[in-house]
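Novice: Heads up: the protein sequence lines correspond to chains P and E, in order.
Going by numbering that gives the first Met the number 0, the first residue of the first sequence is number 0, and it counts up by one from there.
Going by numbering that gives the first Met the number 0, the first residue of the second sequence is number 0, and it counts up by one from there.
Hints in this document: simulated from the structure, not taken from any laboratory.
All values reported here derive from a predicted model rather than from experimental measurement.
For each residue, glycine too, the CB sits at the ideal point set by N, CA and C.
A few of these clues could be false.
What the hints assert, rightly or not - Cβ-Cβ distance ranges computed for the label pairs, FRET-style:
hint, chain 1, residue 1, chain 2, residue 2, range
1, E, 60, P, 32, 58 to 64 Å
2, E, 59, P, 318, 22 to 28 Å
3, E, 50, P, 387, 18 to 24 Å
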Amino acid sequence: MEKFLSFDDITKSLENRETDCKAIVNYYLQNIQTKAHLNAFVEVYKDSALAQAAKVDEKIASGKAGRLAGMVVGIKDVLVYKDHESNASSKILKGFKSQFTATAVQRLIDEDAIIIGRLNCDEFGMGSSNENSAHGKVLNAADETRVPGGSSGGSAVAVQANLCTVSLGTDTGGSVRQPAAFTGLVGIKPTYSRVSRWGLIAYASSFDTIGVLSRNVRDNALVMEIMAGTDNFDSTASKKPVPHYSELLHFGKRAKIAFITETIESEALQPEIKANTLAVLKKLKEEGHQVEEVHFPLLKYTLPTYYILTTAEASSNLSRFDGVKYGHRSPNAHNLESMYKLTRSEGFGDEVKRRIMLGTFVLSASYYDAYFTKAQKVRRLIKEYTEEVLNKFDYIIMPTTPSTAFKFGEHRNDPVAMYLEDLFTVQASVSGVPALSLPNGTDSKGLPIGIQIMANSFKEAELYAFGNYLMELNSN
Amino acid sequence: MKIDLNTVKKISHLARLEFNEEGAEKIQKDMTQILDWVEQLNEVDTIGIEPITTMSSEVNVMREDVVGEHLSHEAGLLNAPQRDSDYFRVPKVLE
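For reference, chain P alone in the conformation it holds in the complex (with noise of 0.2 Å):
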């Protein structure tokens, strides 16, 4: 039988001392063991993960334990932790072990949340599968033969296949959100600079969020409050207090939401997405909230706005792979050019070049005002247009993906078909408000649909507790 489904549960058990965190961690090893074969994890952190869980079982005894006591986190293989590995899921990290911890990583363990390891991704956070990956592909538990969705795909599945109680995962353009809804999961992106980027090996520096992926809101609430919040390593980080929103969940108001024409009535939708969307917009309506349609017509222009802004800042993110400082280095060189062309041609996957050869193109002199300060104007035009929805309403609602699960190598040979799959997740990204990935029943196959709630800027707690509501509401 699963145990060990929420936090709640583990509080429960180890305040009635039926358990402690020394056998949860079994479990989870035990689990982990059982479900090798789904290859969400690319290294379990046994011995620490064991240790760590003896230390917080002496300051339980001692009533001195943390508010994360008991946790089972994993971590995306893109967030660092002391003196243990990072790849970014690439040959070019190979080997790369990290002299300090993420700060989001160091203040769950700071509330002693215990981690159990590292998860697959795609490369840097590229892909929205989970198949490029130097560890490879990830299947998803809901249907083996299907992604888990991506980047973040193994920090889903862990969740999902319960190998741990919840996991990191990064959002850049939807890579928390859709992984989220592939495996029935719920998925946050913070607001943009809500947590701190500190040991983030960055993908796109004004997209980079760190998110949780969880089972349900609270444990999400609580892992985010927890993270969240300014940080003297990442200026960029905001200042603004952060509330307790775990403890916020309860929602007691009428809401005004507006819905998407653009999003409802695309021809990508799956129908039996949209129709899941509809029931419960129709829901909302019936409790007596207010729900209105709007346009979004900039809709369409929002990915490709990504793309050249998104490839740009990787060209130069990723220009510090080099072979100098860690990680690969060509044994073929014979001169420092050589050695540079050897060890990102050797170390990079495809779709990581691809980004960064279009990005070095959009930022190259004859380029640059054509494609990187044209997606800069309209990056402006979609956050305004954003926040005047979210200044008259409180949420927008719409599908967090077109399509269910796809299959594996559907993609292989379009890589604009595969960007597409972000389609409803990016305007959150570009905009840098949150956005909150929910489970919305399961199609015809069995397969998850996620449905995705945005707020205006910094209202995680509004967000985190009329999600609860959804949750509680759609459960009836």
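With chain P held as given, fit chain E onto it using these hints.
Specialist: Leaving out everything else, chain E in the frame of chain P:
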């Protein structure tokens, strides 16, 4: 925008990447396809719109200029593919 092989060569040098003949043709095709797709943005009227350059609402974040925790020499060189006791080692820069 049609990307030709000469452009692929120029851009790959700037990006410090190398492609063999087959790889260059594939990236040429992919870049052309992706650029054709992103060029939809030209349909959007952006006259008078300022490009957005930062997404954080924090401005001019200052701190005291004091020495804090830092990596030791040894820790800094920990991941070096090639090193001596003091420095990262790289192949000859000048022939």
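Novice: With reference to the structure, classify each hint as holding or not holding.
Specialist: So, going through the hints one by one against the coordinates:
Range check, residue 60 of chain E to residue 32 of chain P: about 46 Å between beta-carbon atoms, so the 58 to 64 Å window is missed. As the Cβ distance of residue 59 of chain E to residue 318 of chain P is approximately 27 Å, the hint placing it in 22 to 28 Å holds. Here the CB-CB span from residue 50 of chain E to residue 387 of chain P is close to 19 Å, well matched to the stated 18 to 24 Å.
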